[in-house]
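Residue numbers (the working numbering), protein chains in the order written: chain A, 9 to 311; chain B, 9 to 311; chain C, 9 to 311; chain D, 9 to 311.
Simulated from the structure, these hints should not be mistaken for laboratory data.
Keep in mind it's a predicted model, so treat the numbers as computed, not measured.
A hint or two may mislead.
What the hints assert, rightly or not - Capping the alpha-carbon separation at 25 Å, the derived lysine to any residue pairs in SDA-like fashion look like this:
#1 K194(A) to P37(B)
#2 K169(C) to H171(D)
#3 K169(A) to K169(B)
#4 K194(C) to A163(C)
#5 K194(D) to R139(D)
As the list claims (entries may be wrong) - If the Cβ cut is set under 10 Å, some of the chain B residues that face chain A in the computed set are:
#6 M9
#7 S34
#8 Y35
#9 I42
#10 S167
#11 L178
All C-beta atoms, glycine included, are put in the ideal place defined by N, C-alpha and C.
There are 4 protein chains.
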Amino acid sequence: MPPLPDILTQLNDDMRSGGDWGDVASYIPELAHIDPAQFAIAVTMADGETFTAGDADTPFSVQSITKVFTLAIALGRSGDQLWRRVGREPSGRAFNSIVQLEQEEGRPRNPFINAGAIVTTDEILTGRAPRETLAEILQFIRAAAGDDDIHINHAVAASEKSHGHRNFALAHFLASCGNLNNAPEKTLGTYFHHCAIEMSARQLAMSGRFLIDTPKLPRLILPQRIRRLNALMLTCGHYDGSGDFAYRVGLPAKSGVGGGILAIVPGIASVAVWSPGLNRYGNSRKGTEAMAQLARTMNWSVF
Amino acid sequence: MPPLPDILTQLNDDMRSGGDWGDVASYIPELAHIDPAQFAIAVTMADGETFTAGDADTPFSVQSITKVFTLAIALGRSGDQLWRRVGREPSGRAFNSIVQLEQEEGRPRNPFINAGAIVTTDEILTGRAPRETLAEILQFIRAAAGDDDIHINHAVAASEKSHGHRNFALAHFLASCGNLNNAPEKTLGTYFHHCAIEMSARQLAMSGRFLIDTPKLPRLILPQRIRRLNALMLTCGHYDGSGDFAYRVGLPAKSGVGGGILAIVPGIASVAVWSPGLNRYGNSRKGTEAMAQLARTMNWSVF
Amino acid sequence: MPPLPDILTQLNDDMRSGGDWGDVASYIPELAHIDPAQFAIAVTMADGETFTAGDADTPFSVQSITKVFTLAIALGRSGDQLWRRVGREPSGRAFNSIVQLEQEEGRPRNPFINAGAIVTTDEILTGRAPRETLAEILQFIRAAAGDDDIHINHAVAASEKSHGHRNFALAHFLASCGNLNNAPEKTLGTYFHHCAIEMSARQLAMSGRFLIDTPKLPRLILPQRIRRLNALMLTCGHYDGSGDFAYRVGLPAKSGVGGGILAIVPGIASVAVWSPGLNRYGNSRKGTEAMAQLARTMNWSVF
Amino acid sequence: MPPLPDILTQLNDDMRSGGDWGDVASYIPELAHIDPAQFAIAVTMADGETFTAGDADTPFSVQSITKVFTLAIALGRSGDQLWRRVGREPSGRAFNSIVQLEQEEGRPRNPFINAGAIVTTDEILTGRAPRETLAEILQFIRAAAGDDDIHINHAVAASEKSHGHRNFALAHFLASCGNLNNAPEKTLGTYFHHCAIEMSARQLAMSGRFLIDTPKLPRLILPQRIRRLNALMLTCGHYDGSGDFAYRVGLPAKSGVGGGILAIVPGIASVAVWSPGLNRYGNSRKGTEAMAQLARTMNWSVF
């Protein structure tokens, strides 16, 4: 096997050498004008060493990938009580679907679909101000990444808020079922802001180290919880494309509509890929391809 | 057959003499404290003569019954173009269901479920102010009833707005599908206000005369449109209890969660019943019973 | 208004003069080769006089229209107990949908969708042989039509059986929910055979007289039951196109996938139209048009 | 950590010492009379050494666990062409649900729900006789287990056939969508028979070795395919309880309604547990508990 830097360079070349980049998400106007023809990959090993290729220092909107961090925070605060409000089963439906919410009386299937992440945000927000909550989320991510230069893009947050009717529908539906502690506007305001956090692929790979579960790293959460977060990422991290990602890549991972994917190789590495063009499930098209190729080349799989 | 006044008196006695009144709607706090043990019936004949029994001059919140009037106004303004935005099929689901809205990409099944009535309201509101729109709705109803003493209960409207998360979910979902011309708050503000119109059973029966289609009455809408409104009332007027109402009563009718029902005997009469306790479909329990008994006694049925 | 025969002649000319005939049903091979460019209309007045135009003596497969007769027989035998097994609400879904059957634990929404008609057939079949049951159904229809020359097309029944996987799925699902008294093969055998009854438009119009409810005719069923059958036909007789048919035509009616429609003008007439090409709901395309035009011209509507 | 035999003994004691055993499946009469208060566990290490506790030599009906073997055979024969007929996403619904089959036009979500396994069976059956197909399945399982004393219980197969209306509904629905190559009766006959294969926990653990992916074992299938089967087992192996099992246990596994569970510790071991009482998802209640306890004690998890 060639050295990892060479593998990443090759991967970057392969991704850029052809094929469909996919389309960027159009429903958040601030993200709609991004050039889809970008690619970055970063791998942080258990010892902290990081290798990159492509646009690895270009910040992008991590969007739903923050759901991993907010879930970690919510579990840290509320423990298993959180599961009264949200399930941990794959939904089998699109990330923004409202159908199950009606059928299952306001309890979202898992914390990684929008409805579930709104509940998780609401749980963290309970008893404190949005500003304070956002500060805690940022602080957690910065500590995980070992990097204070991670920020919220307020223009993206505002853009999402003014075009977020689907999320407002979800939040009001949750409220109508008694599964929202705060006003929908307040919870969504916080939700839109943490989704608008920006990181580069390098920062994102670094921030994922807390999920590697290796004695070489300082621990942010309990080992058992690390495994459980990884389990949820594997079964639910790619919405209704989760089964396919597990089949093709075989690693726990969470995607974001900004084109980022954070994947974990337990005990070994944290991997971030980024390419803004999406496939039909709303997951990065080239990013998924790159993860599949990297996993195959490195023989990385949990199975 | 005994004379109609005697029949109504007997009906009033029968309804009050026993049986379960049902429960009042609890999700609008301002309506939740109403005594369910009330009953009124009023029948306005084609020649305008009105007979009543029970609490026929007690005003109540007509709620969804206004959807008949707003539909008449919307069709008067937009004609068949309205059907681009809303269907005319029974939904087979609860009045506030959001499932079909996702499955059918934001086009509500019919104008009498909440989602459809929000679209109808939005259609009338387009290009004008809420105040102006509400004035037109009130004017139409007052003209139909020949009675200017019909008003909006602003406390009920405010109560509905502050507890109307389910309707906010519907409106935002419609907006996310591009099927709302106005901001959800604006359309819903108008919607909550016209639902909060109050009438007595006597006034409601009078206001229904425009759907009788008889040469004896001044016409508010075209005869063909009268038939079509009646058809929609028969197939969709009682939500997912419409089939049962048609089977048992056999008359076009529209119910409201305030416990009122407006039924039309084509060519003959307009009937209003009111009793605030509801059955499981959200339709008046005693009101439905009374309508069935009256239709049977009078041999009134469209079939 | 011109005399009815002239109106029917004109209608026949209009239907043949242009426009899309629609496509014949393809899932029953024996019906797939029928020429869609055929049209017939027959009107039987309350006094028994019948007027026709077009191919009014050509027999066609009445298919789901027999569900009206089997429902009448089932109600005659079991009365309201039948409603324990089947509902009377519009389904809001396609005629052969199985989704609601799972959601509602094996109780079909109404007797006019396939699942409901299978239950109705099963109810009649209980305690007797298929042959005997089919004889009773034929006898009822012949008595209604006053015509003994009405028969089952066994080739069509066999064709339907050998390609009826969807109906087998429905029947087995009903059985798995405990809502089938007989073996699926037995109930379906009977169902396929009564669906394969053939009548001409003239015979079908004659057979519908029992639903007119006029003292001029001998009664096959109770007057109250006549009204209820008409109510069900209006709300459920055209599957998920029932609301639209009620809106456009305003008469209780039942369609069949063979291209026939039986409509009732209460107290006045029974109307049969036939044209084998279907619209997207599986109802006759030209037949629906013709019914709408006839109802408009004759000012026939229950509303 | 105590030696594995001691851990298994302790586990067996713990499971028998109290708590609810759950109820055995009632819909297959032949299985309904089994005593739920039984428990067995067997662990086969990568080197073939096997440790057991409890009723580890009592044969039981493996039921849906055979879906792992039939999927391996189907992939071996048809390769990725199989995925044209069946997906690989969690269904988010019960094992025998038919709703998605209608919504997704006859393509089952994954090969481990009933509809998907019927398709997989049908794929293997294509071009050969049921007897021959069953022989191949048995041969594969016997080779995997290194044990020829593995057989079909024909009484169980017959019982399932005579009460398998739900599976008949699924098969006929698949046929109506053109996704069945053989007659429903033929495919289901084969399906019911391979589900009726009996193994003891010891045999089942041995038979799972082919999924461990270790150079110490002879290979039945390609390494990449091993990983993919494990991925499918993790995301879909416990129906709508898959997410919860992944969260609590963290191992790829497949359950059967007979109370067995086969779990894989990649590179390390194959584990079989058996206890006939089920939880509400149709998975073994004590078996799931035992797997969770064993995984925790042994620190076995893919995450």
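Status of the hints after comparison with the structure:
no.	hint	in the structure
1	K194(A) to P37(B)	holds (23 Å)
2	K169(C) to H171(D)	holds (22 Å)
3	K169(A) to K169(B)	holds (21 Å)
4	K194(C) to A163(C)	holds (18 Å)
5	K194(D) to R139(D)	holds (11 Å)
6	M9	violated (47 Å)
7	S34	violated (13 Å)
8	Y35	holds (8 Å)
9	I42	violated (21 Å)
10	S167	violated (15 Å)
11	L178	holds (7 Å)
Of the numbered hints stated above, those contradicted by the structure are hints 6, 7, 9, 10, listed in ascending order.
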